Structure formats: structure tokens, C-alpha cells
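Undergrad: Spelled out from the first residue to the last, the chains are:
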Amino acid sequence: MLLDLMSLAWAALAGHRLRTALSVVGVAVGIAAVVALTALGEGARQYVIQEFTAIGSNLLSVLPGKTETTGAMPGMGGVPHDLTLQDLLALRRNIHAAQYIVPVSMGTETVSHGERRRQIAVIGSTTEFLQARELKMAQGQFLPASDVERGTPVVVLGHVTARELFPGQQPLGQVVRVGEWRMRVIGVLAEIGTQLGIKMDEVVIVPVGTGMKMFNRSSLFRILVKVRSPKDLDGTCAQVITILTERHDEEDVTCITQKAVISTFSSILQTLTLVLVAIGAISLTVAGIGVMNVMLVTVAERTEEIGLLRALGATRGNILGVFLVEALMLAGLGGMVGLLVGLGGVHLLTWWYPAVPAAAPAWAIGAALALALIVGGMFGVMPARRAAKLDPIMALQRR
Amino acid sequence: MTVMDLIQFAGGAVWAHRLRSILSLIGIAIGVGAVILLTAIGEGTRYFVLAQFTQFGTNILAINPGKTQTLGIPGILGGTTHKLTLEDAVALSRIPGVEAVVPMAMGMGRVETEGRGRSVNVFGVTADMPEVWRFTIGQGEFLPIGDWDRATAVTVLGPKMKHELFGDQNPLGEIIRIAGYRFRVIGVMEPKGQILGFDLDDAVYVPVANAMRMFNLDELMEIDVTYQSAQMVERVLEAVRRILIDRHHGTEDFSITTQAAMLESLDEIMRIVTLAAAGIAGISLVVGALGIVTMMWISVGERVSEIGLLRAMGAQPRQIFLIFIVESVLLSVLGGALGVFLGLVGALALTWLLPGLPIFVNEQYLMLGLLVAIGTGLLSGVAPARRAIRINPVEALHAE
Amino acid sequence: MIELQHIAKSFEVGGQPIFALRDTSESIQAGEYVAIVGPSGSGKSTLLNIIGCLLRPSEGAYLFNGEDVSQLEDRALSHVRQHQIGFIFQSFHLVPRLTALENVALPMVFAGIASSERQLRAKDVLESVGLSDRAHHRPNQLSVGQRQRVVIARAIIMQPAVLLADEPTGNLDTHSGQHIMELLESLNAKGLTLLVVTHDPNVARRANRVIVLADGQIVKHVKGEEMSAGSMPFV
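Protein chains in written order, with my numbering: chain A, 1 to 399; chain B, 1 to 400; chain C, 1 to 235.
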């Protein structure tokens with residue numbers, strides 16, 4: 001029966017090729033917009049998650065300062081209690097779930113070699129920083145393992161920093177000036193790109209003791225803790241806060257897990273995608289109205305045919321089915337075309353601009369088709385009911 | 001055939017098929033309405049954001065330590081070769097044309113009264129702060145005028161902070177502890193709201209010297225400079241740069257942001273976002289246009305014999321073409337007008353439902369919406385009208 | 001007034017030219033009342049359409065008031081139709097959404113006549129066909145006879161020189177057919193050239209003369225009164 005209805009509907013649609021094509025294109029434009037926007041939004045979300053997990057989802061950061069103020073970023077400005085290297089050592093002694101506990105101090109310095117000088121972000125840390133941030137060496141060694149408070153005058157260069165300070169030269173063993181300090185280059189990081197907004201290729205890394213003396217700071221920028229498995233994150237955070245609260249006599253540190261940051265970003269992006277898709281879906285409503293209009297015309301044109309079918313014994317339900325299937329086919333066809341166009345567009349976009357993160361999630365394919373059918377059904381019901389309600393005698397007598 | 005005749009004739013045809021005409025024009029109306037509503041929200045947000053920034057005045061520039069290129073946001077990381085110091089700020093206040101200079105250091109500290117305490121932002125500033133940041137004092141007075149490097153244990157509370165610590169009681173003269181130091185409350189600010197995530201009402205203000213001491217800071221986070229008139233911006237900017245480079249032994253290790261430049265780039269970003277949203281909504285206009293094309297095409301098909309008659313009566317192909325174009329434009333203009341109405345009603349409903357949402361309806365966008373609708377109608381009418389003039393009158397008259 | 005010289009009209013069907021009209025010459029004087037008869041497919045309609053400037057002949061010349069209109073461009077032909085020719089169709093071709101008055105006024109709209117004048121003239125003409133009380137009815141509210149009178153009113157509103165009627169009584173009963181023919185003849189009596197295509201011998205015999213077409217050619221000229229009632233020359 002359904003197949004019969006479909007072949008009947010197909011014949012009717014094929015009989016009016018142009019108007020069928022226009023209605024299909026209308027639905028297709030809407031579906032393509034929804035698919036493409038979903039792909040862009042989902043791509044962006046995946047990209048952000050990937051960015052964060054690249055640094056390690058098992059990582060948590062401890063920042064000095066704590067505020068009840070919503071939104072304000074802890075770590076701005078000064079704090080009454082510093083996050084010190086002694087705090088770091090205390091954490092290392094007491095937290096056993098942690099794989100690495102790494103201090104980070106940060107500043108900006110003029111780094112120069114001969115005539116070449118640049119203002120560069122300087123990171124002070126320890127040898128475990130390499131593993132904690134999952135960095136790779138291109139050449140030489142990372143910072144040596146040594147007493148955290150000892151400041152040896154050695155430096156590791158980021159990929160771009162090395163290229164710019166030593167164009168065409170071997171940087172290993174050379175001496176650079178970092179601020180007032182003369183330091184020996186012992187290694188160069190492999191290219192990695194931007195991580196969390198910090199261009200890791202454009203930094204220099206020094207031992208944390210050296211860094212703190214260099215910036216004349218008593219507080220660390222933050223302490224990174226890498227745990228063995230994600231399920232340890234929350235417990236470790238609580239432990240860190242307990243230990244530091246005891247040491248500082250008050251709770252004045254903030255502990256952030258990657259998980260929390262990821263889920264915040266993820267939900268922001270999801271909302272954004274949803275809003276964009278909703279705006280795009282307005283066009284689907286318009287396309288639905290178009291389908292309804294065409295179906296109304298079709299019903300009016302085929303009044304005589306409907307009368308005949310009814311005279312031949314078709315029930316109201318049969319007539320309803322005929323026109324509903326026609327509307328559904330119109331919308332479904334539009335859905336398929338729109339899906340292809342949307343996916344093709346996304347494909348083309350990523351091919352043209354590989355930097356744009358865009359990927360249609362698998363569910364979007366089903367959802368797009370379902371959405372098209374829902375539109376067809378919703379806007380097809382009214383015309384189909386109108387057809388079903390026609391009085392067969394009146395319908396035959398028309399004309 | 002006058003324009004009036006055309007409209008009358010086309011109007012008759014539109015009216016004869018009311019239901020389908022209404023459905024076709026609703027398609028356009030939804031598109032135009034969506035575009036208007038989204039641009040209204042976009043414009044509203046733009047003005048809201050701009051107002052947020054201009055509330056600090058426009059003739060202001062901010063100096064932060066560190067060059068911006070490497071890390072995006074200056075000042076967060078500190079630890080530059082040469083600190084931005086109170087002496088730098090004093091030097092800047094001598095530049096001709098400069099009205100006021102506020103050195104600022106901030107930190108986070110626990111603020112306590114007996115029994116109550118919270119960790120908030122502590123801003124170290126000077127007496128000129130209310131003038132420079134356009135703040136008003138609600139109660140009491142602001143920090144006293146005096147040497148910037150002299151610490152005085154007095155504080156002014158943000159209104160939210162005052163409410164949290166004292167409720168409805170009078171805080172003036174009370175002693176509170178900030179990061180362990182005792183301060184006497186001498187004033188309360190008027191509410192100012194949040195900016196970029198900083199709740200300026202949930203904060204305390206102390207003399208900059210006190211803040212630097214209590215947070216163990218040896219540099220400022222920011223120096224804000226106001227100047228007398230917008231025309232001076234270049235001259236003041238240059239003077240600031242020259243003096244600081246000079247004081248920092250020849251290195252430009254600070255960054256200067258003028259309010260004007262910041263406003264400009266913000267404005268630009270907001271415009272692009274608004275345009276993008278409107279563009280996405282505009283897709284529905286395209287779909288609406290397709291609907292009109294479809295209906296007009298069907299209409300031409302139904303009126304073949306009418307077209308033949310008109311031709312037999314001596315109507316020129318040009319006139320037939322115009323009849324259908326006018327019909328299409330009529331549909332889209334009615335749709336556009338309905339869309340403008342829907343957009344306005346939607347904007348009104350939104351301001352009523354979500355009073356916090358900034359909405360601004362720009363008349364230019366209303367006109368633009370109507371113009372776009374007219375253009376849509378013109379374009380949608382072309383193909384059906386061309387079909388109409390290609391109809392052979394002899395065949396049309398025999399088609400029954 | 002109408003001078004056809006060796007007119008031929010062919011249509012392409014499947015790449016082959018099919019002649020609907022061959023080497024036809026005819027001359028019609030102003031004020032004449034001519035009937036065109038012939039079996040289906042004999043070329044009656046084609047002839048009428050060429051005379052009505054709806055079709056251009058493939059060959060030959062067509063002089064209308066001394067001017068060769070056979071190869072005029074579309075615009076100029078429209079102009080001739082607008083001012084010189086009135087059409088009456090078997091199936092009326094009234095615009096269903098317009099009232100009788102509006103239908104009658106329609107030709108003046110395209111001629112650029114002012115709306116106020118259109119109203120006056122349309123009312124006058126409707127009155128002359130006896131339909132002033134039906135001015136604001138739509139076609140589906142009129143009887144078929146009334147509809148045909150609206151069509152006649154519309155055909156004469158621009159004061160044409162020639163009235164072309166294609167089976168004007170074809171959709172009417174005998175009685176209203178009689179009325180319509182009397183109306184047309186009264187117009188002819190006032191000097192309007194009248195051409196009627198028909199296969200009703202009772203209509204044809206009322207004409208001054210009858211042109212008999214067969215197989216795309218004029219085969220015979222007859223005087224109207226020579227037509228015997230109830231029989232057609234080609235039958």
C-alpha cells in the first residue's frame with residue numbers, strides 16, 4: 001500500500017517538475033544550512049576539546065588566590081599568601097596519586113643573541129614540565145633534574161625562538177641573554193603550536209629557581225599536578241586545597257581541572273551551535289510553508305481526480321494518505337538534497353581552509369532527514385485533510 | 001497603463017487566491033522579521049557593550065606592563081625587565097594636557113568583619129579614581145588626596161561588598177580586616193556593575209601604597225591616564241611612550257591601549273557578529289523567495305488563457321511582464337511589511353519577557369528589510385514573468 | 001480595407017512544415033458582413049488569427065487599410081489589435097476575478113486610458129448591450145448569453161474597425177444565439193466590419209457573403225442568402 005502511494009505521489013511530483021524542484025530546493029536550503037551550521041559548531045567543539053586534551057586531561061592547575069566573585073579570573077594581581085616552592089615541595093611529599101607536580105613561574109623578558117633581541121614569554125619550571133605538558137624535544141636536553149631552588153643558567157628554546165635567534169645556526173651550546181642573565185642553550189623544543197592561547201613555540205624555558213630570581217617574584221604563577229587517571233582529579237584537588245589551606249592558615253588557592261574547563265567551553269559552544277542552528281532552522285519553517293502552499297494548489301487542481309477516486313471507493317483515509325505521502329516525499333527529497341549539499345559544502349570548506357574545524361557528527365545525518373520529514377508531515381497535514389474532506393459529488397461536478 | 005493600474009490588476013490576482021498569497025508572503029515575513037529581530041539584538045548588544053566601556057569615559061588610555069605580542073593579554077604575567085612603578089605614574093602626571101593619572105595595583109584578599117568574611121578583589125588606587133573611572137560615591141567619601149607612596153589604613157567598599165559585610169547597617173567608621181591588615185571604612189561606592197567579568201561592586205578600594213605592601217608587589221598592574229580632549233590623543237600617547245621608554249632605559253616593555261582604539265575594534269567585532277547572525281537568518285529569505293517563485297510560476301500556468309486574452313486585446317509583452325513582476329513585488333512588499341511588524345512585535349515581546357536583553361531597533365535596518373523584500377520580489381518575479389511573455393497567444397486562447 | 005495577397009501559413013510539426021493555409025487571397029471591404037465556413041482543420045481559425053494580427057503569415061502580404069502588416073514586429077501588431085480589432089471568442093475568455101464592468105474596461109487599461117474615462121465608457125458600452133444592471137457581477141454570476149454580451153461590449157470598447165467572432169454562438173442555446181447575432185448585426189449596421197467563423201448554417205446565411213474554406217484554401221464564395229438552411233456547402 002505504502003509503495004503504491006509512493007509511486008502515485010512520484011508520478012504526481014514528476015508531472016510538475018519545476019514546482020517540485022523549487023519546493024525541494026527550498027527544503028534543501030534549510031536542511032543544508034542546519035547541517036553546515038551543526039558541522040561548524042560541532043567541529044569547533046571537537047577542536048577545543050582536542051586542544052585541551054592535548055595538554056592532558058589528567059592535569060590540574062593550582063593558582064594562588066581565591067575569589068567568590070563569579071567570572072573573575074583567579075591569579076590576577078597579587079595575593080596575601082604566595083604560592084611558594086615550599087608549597088610545591090609539601091605537595092610533592094604528601095600527594096601520592098600525582099605522577100608529576102610541576103611549578104610554573106612566568107614573565108616577559110628581552111631575550112637576545114648578538115644583535116637579535118625579542119620580548120619573549122619566559123617560563124620557569126623543572127624537568128618534569130616536559131612530561132606534564134607532553135612536549136617533545138627537537139634537539140638537546142630539557143632542563144636537568146636538580147634541586148628546585150637552585151637556579152642554573154641554562155635555557156631551553158621554543159621552536160620559533162630558536163629559529164629567530166639563530167637563523168641557520170646551531171643554537172645548542174650557545175649563550176643567550178635573558179634580561180640581565182647570560183644563559184647557555186641546552187635544548188630546543190619540537191614544533192607544537194599554540195596550547196591554550198600560549199604560543200609554546202615562542203617561549204624560552206628556564207629552571208624555576210632562575211625564573212623566580214629573574215622576575216623578582218616570591219610567588220609561583222601556578223603549580224601543575226598530573227594525576228595517573230582522570231578519576232583521581234577531584235580527590236587530588238581536594239587534597240591540594242587541604243594541604244595548602246593548612247600551610248597558609250586560610251583557603252587562598254584555586255584548583256582548576258581540565259575537565260571543568262573543557263565542560264564549560266563545551267557547553268558554551270554547544271549553546272552557541274544550538275542558537276545558530278535554531279536561526280538556520282527558521283528557513284526550514286519557511287520551506288515548510290512553501291510545501292504546504294504547493295500541496296494546497298495540488299489539491300485544488302486535482303479536485304476532480306479526488307472526486308473520481310472517492311467515487312471509485314477510496315476512503316477519506318486513502319485520500320489523506322495520497323497527499324500526505326506526496327508532501328513527505330517532497331520534503332524527504334529536499335532533506336536528502338540538502339544533506340548532500342550541506343556535507344559537500346562542509347567538505348569543500350575544510351578542503352579550502354584546512355584550519356577551519358568542521359565535521360558533521362554522524363547523528364546530524366539522521367537528524368537532518370528526520371527534520372525534513374517532520375517539516376513535510378507538519379505542513380502536509382493541512383492540505384491532505386482539505387483533500388480528504390472534499391465532498392466526492394461536489395468534486396466531480398466542479399467544471 | 002499606469003502604476004496604479006498595474007497594482008490594481010496585480011492586487012486583484014493576489015486577492016483572488018488569498019490563502020496561497022498569504023502563505024507566500026508569510027515566507028518573506030518570517031525572513032524579514034528574523035533579520036530585523038536579530039539585528040535589533042545585535043545592535044542592542046553593541047550599544048550595551050559600548051556603553052559599558054564608555055562609562056569610563058572616552059578620553060582615557062591605559063598603560064600595562066609587558067608588550068602584547070607574545071601572550072595576548074598584557075599584565076597578567078608581570079615580571080618584566082622594568083617594572084611599572086609609582087614614579088612612572090608621577091612622571092606621566094606632568095605631561096601637559098593630562099587631567100588625572102591613577103596608578104592601580106590589585107590583588108585578591110580575604111576581607112573580614114567580625115563573623116563575616118569573603119575573598120574579593122582588592123583595588124589599590126588613588127584619590128582621582130572616581131573621576132577617572134567615572135565612579136560616584138554613595139556614602140561617605142573616597143580615599144584622601146595625598147602622597148601616592150604613603151600608606152593610609154582607610155578603605156572604600158563596593159556596594160555589594162558593603163551589603164555582604166554590613167547588611168543595612170552604617171559601615172562608616174567601622175574597622176575591617178583586609179588580608180590581615182586593619183582598615184577603617186570611610187566610604188561606599190554607588191553600584192557600577194560588572195565589566196569583563198570583574199564585579200566592580202563586589203570589591204574594596206584601598207590606597208595603592210597599602211595594596212602594594214599587603215600583596216608584596218613592587219609594580220603596578222595598570223596606570224590610567226585621562227586627558228582633556230579627544231584631539232590630544234596622539235600627542236598624549238606620544239608623550240607617554242617617550243617618557244616611559246626614557247625611564248625604562250630605552251626598552252618599550254609596556255603597552256598602551258587607548259579607549260578609542262578599543263571601542264573601534266569592539267564595534268567592528270560586534271558588527272561582524274550581527275551581520276553573520278542576520279546572514280544566517282537571511283537564508284530563510286532565500287527560501288521565502290523560492291516560495292514566491294513557485295507560486296508565481298503556478299499562477300502563470302493557471303492563467304495561460306488570460307494571458308492569451310490580454311495579448312489579443314493588444315497588451316504588449318512588456319505590460320504582461322510588468323503585471324507579473326508587480327504581482328511578485330506586491331507579495332514580497334506585503335510580506336516585508338508584515339515582517340517588519342513581526343520583528344517589532346518580537347523585539348517588544350523580548351524586551352518585556354527578558355528585560356536584561358539589550359535590544360535596539362535601528363530604523364535603517366527596518367528600511368533595509370523592506371528594501372531587501374522588494375528586491376526579493378523583483379528577483380522572484382523575473383522567471384515567472386518571462387514564462388508569461390513567452391506564452392503564444394494563439395495557443396493560449398485555444399487552451400481550455 | 002482587408003487585403004490578403006497570396007497568404008500562406010505553415011507550422012513545423014516534427015521538423016516537417018504543415019500548411020494550415022495555402023496561397024489565399026481575399027479582399028474585404030469596410031462595413032462588410034462576412035462569414036467564414038469550412039470543416040474542422042480547414043484553416044478557418046488560422047485565417048481569422050492572421051486577419052486578427054495574432055499570427056504572422058509565412059508568405060504573402062496582408063494590407064490592413066493599405067498598410068502591409070504581415071511582417072510587423074510584435075509591438076506594432078499589438079498596437080493594431082488594440083485599436084483596430086475586436087475579438088469575440090466561443091469560450092468567452094472573461095477574467096473570472098473581475099466584474100463585468102472591469103472586464104469591459106480591460107482593453108482600455110493597456111491602451112493607457114485614464115481610469116475615470118474608462119469607467120464612463122465601459123458603463124456606456126455595457127448599457128448599449130443591455131447589461132447596465134449586471135455591471136458589478138462577476139462572470140460566474142452571469143448567464144452564458146450575458147457573458148457573451150460582456151465579451152461583445154469588451155470587443156467594441158476601443159471602437160475597432162473590424163469585429164472578429166470565432167463561433168460566437170457555439171456555447172449558447174438557440175434563443176440567446178439569436179440575440180447575440182442580432183446584436184452583432186446591429187453593430188454591423190452602424191458600419192463595423194464583421195467577420196464570423198462558424199459552422200452553423202443559420203448563422204452563415206445571415207452574412208452578406210460566405211467564404212468557404214477547405215484544406216487550407218478558399219474553395220468557394222457564396223452569397224449569404226444562397227446558403228440553404230440546414231445545409232453547409234462542404235457537407
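Read the hints as simulated data drawn from the structure, not as lab findings. Among the clues, some could well be false.
[Claimed, not checked] Listed next, with one range per pair, are the computed distances between beta-carbon atoms:
#, chain 1, residue 1, chain 2, residue 2, range
1, B, 177, A, 256, 26 to 32 Å
2, B, 273, A, 249, 43 to 49 Å
3, A, 256, B, 237, 36 to 42 Å
4, B, 279, A, 193, 26 to 32 Å
5, A, 249, B, 90, 32 to 38 Å
6, C, 116, B, 392, 53 to 59 Å
7, B, 141, A, 249, 32 to 38 Å
8, A, 350, B, 364, 32 to 38 Å
9, A, 256, B, 115, 28 to 34 Å
10, B, 273, A, 170, 46 to 52 Å
11, C, 73, B, 279, 43 to 49 Å
12, B, 273, A, 314, 50 to 56 Å
13, A, 193, B, 261, 51 to 57 Å
[As the list claims (entries may be wrong)] Which residues of chain B face chain A? A partial, calculated answer using Cβ under 10 Å:
#, residue
14, 83
15, 86
16, 109
[Said to hold, decoys possible] Only pairs whose alpha carbons sit at most 30 Å apart, straight line, appear in this in silico DSSO-like list of lysine-lysine:
#, chain 1, residue 1, chain 2, residue 2
17, C, 220, C, 190
18, A, 199, A, 226
19, B, 83, A, 213
20, A, 226, A, 259
21, B, 192, A, 199
22, A, 136, A, 213
No experiment lies behind these values; they were computed from the predicted model shown. The C-beta atom is built at its ideal place from N, Cα and C for all residues, glycine as well.
Undergrad: Confirm or reject each hint.
TA: Verification of the supplied hints:
no. : hint                      : verdict
1   : B:177 / A:256: 26 to 32 Å : holds (27 Å)
2   : B:273 / A:249: 43 to 49 Å : holds (47 Å)
3   : A:256 / B:237: 36 to 42 Å : holds (37 Å)
4   : B:279 / A:193: 26 to 32 Å : holds (31 Å)
5   : A:249 / B:90: 32 to 38 Å  : holds (36 Å)
6   : C:116 / B:392: 53 to 59 Å : violated (35 Å)
7   : B:141 / A:249: 32 to 38 Å : holds (34 Å)
8   : A:350 / B:364: 32 to 38 Å : holds (36 Å)
9   : A:256 / B:115: 28 to 34 Å : holds (30 Å)
10  : B:273 / A:170: 46 to 52 Å : holds (48 Å)
11  : C:73 / B:279: 43 to 49 Å  : holds (45 Å)
12  : B:273 / A:314: 50 to 56 Å : holds (54 Å)
13  : A:193 / B:261: 51 to 57 Å : violated (29 Å)
14  : 83                        : holds (8 Å)
15  : 86                        : violated (15 Å)
16  : 109                       : holds (5 Å)
17  : C:220 / C:190             : holds (28 Å)
18  : A:199 / A:226             : holds (21 Å)
19  : B:83 / A:213              : holds (14 Å)
20  : A:226 / A:259             : holds (13 Å)
21  : B:192 / A:199             : violated (36 Å)
22  : A:136 / A:213             : holds (27 Å)
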